[in-house]
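J.: As they're listed, the protein sequences go chains A and B. Heads up: the first sequence at position 219 corresponds to 218 in numbering that gives the first Met the number 0, and the numbers run straight through without jumps. Heads up: the second sequence at position 25 corresponds to 24 in numbering that gives the first Met the number 0, and the numbers run straight through without jumps.
Think of the hints as simulated: they come from the structure by calculation, not from any bench. You can take every hint at face value.
Quick list of in silico lysine to aspartate or glutamate cross-link-like pairs, EDC-like style, CA-CA up to 20 Å: (1) A:Lys73 x A:Glu137; (2) A:Lys214 x B:Asp37; (3) A:Lys214 x B:Glu42; (4) A:Lys101 x B:Glu4; (5) A:Lys221 x B:Glu39; (6) A:Lys221 x B:Glu42; (7) A:Lys214 x B:Glu44; (8) A:Lys214 x B:Glu39; (9) A:Lys221 x B:Asp37; (10) A:Lys101 x B:Glu3; (11) A:Lys221 x B:Glu44.
Far from chain A, some chain B residues (derived; all Cβ distances over 10 Å): (12) Gly51; (13) Ala52; (14) Gly53; (15) Glu54; (16) Ala55.
Being a predicted model, the structure only gives us computed values, none of them experimental. Just so it is clear, CB atoms sit at the ideal spot from N, CA and C, and this is done for glycine as well.
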Amino acid sequence: MKQLVSAPALFVEAGICLIAGLLLAFLYAPIDVSSMGFSQKIFYYHAPIAETALVAFGIAFVAAIAYLRTQDLKWDRLGLVCVRLGLLFSLLVMITGMIWGKAAWGVWWAWEPRLTTFLLVCFLYIAYLVLRSVVEEEQRRATYAAVFAIIAFIDVPMTFFATRFLPEGLHPVVISAGGSGMEGSMLVSFLISMLGMTLLLVALIRRDLAVEDLKDRVADLKNTIGG
Amino acid sequence: MSIEEGARFVAAAYAVILAVLVLYYFISARRVNTLRRDVELLEQEVQRRQAGAGEAGGE
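Based on the sequences and whatever the hints tell you, model everything.
T.: Below is the structure:
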């Protein structure tokens, strides 16, 4: 069991799921009959990446609360790593969303609720990184960052529910309380890609935490030699 | 939109995703390896200095 959740194993498992999801999306799931046509195939990675980005910001939110309760810097590190990865995934969502938007709607960008709130999420978490870079003292930086991460997270559920509460936008609602609205083969392809992206996020979080730990160790050793 | 036109957009989207994720994977793997090597070298240096201080104290 331990071997299955080790960092290298998680990368392999994520890779297998992502390749399987991609193959199923192109070979098993049918071409969408709506106006989106073949460009709908972008959905099989675009939506899982979007969900994964929001999950990363959700973990950062939980880590921020945990830090404020315990003042343990390990939570601050987890928050930082999750925000960085969340932004990486958000960047991919924005780029692939723009490509899909051009194909499906004929425009690269539209100021509609889902896209606008997602862009706001990106700006908020970029501000989180800027805030961290301007505060020198470690505990104070972690406290400010935690408070900011909690405030920034308010926009995440707004993004998720934007298309559900404001259905007049261009962005479709794929999974709602009434079901997925997808054919079985499409849903299977989507869920496998979703699993792959989630495993990839977990693997990357673990690796980035290892990087942060190693950076701390290097700083400690340099202090020891310098002192 | 024809399948050929749609396929161009799909190919572009997947190329961006795979390029960014694979690049990030290799960059982070390289960072881990570099930092591990730095830690090893620094630990060796600390041990060398401690041994040197021990010898100096012994004399």
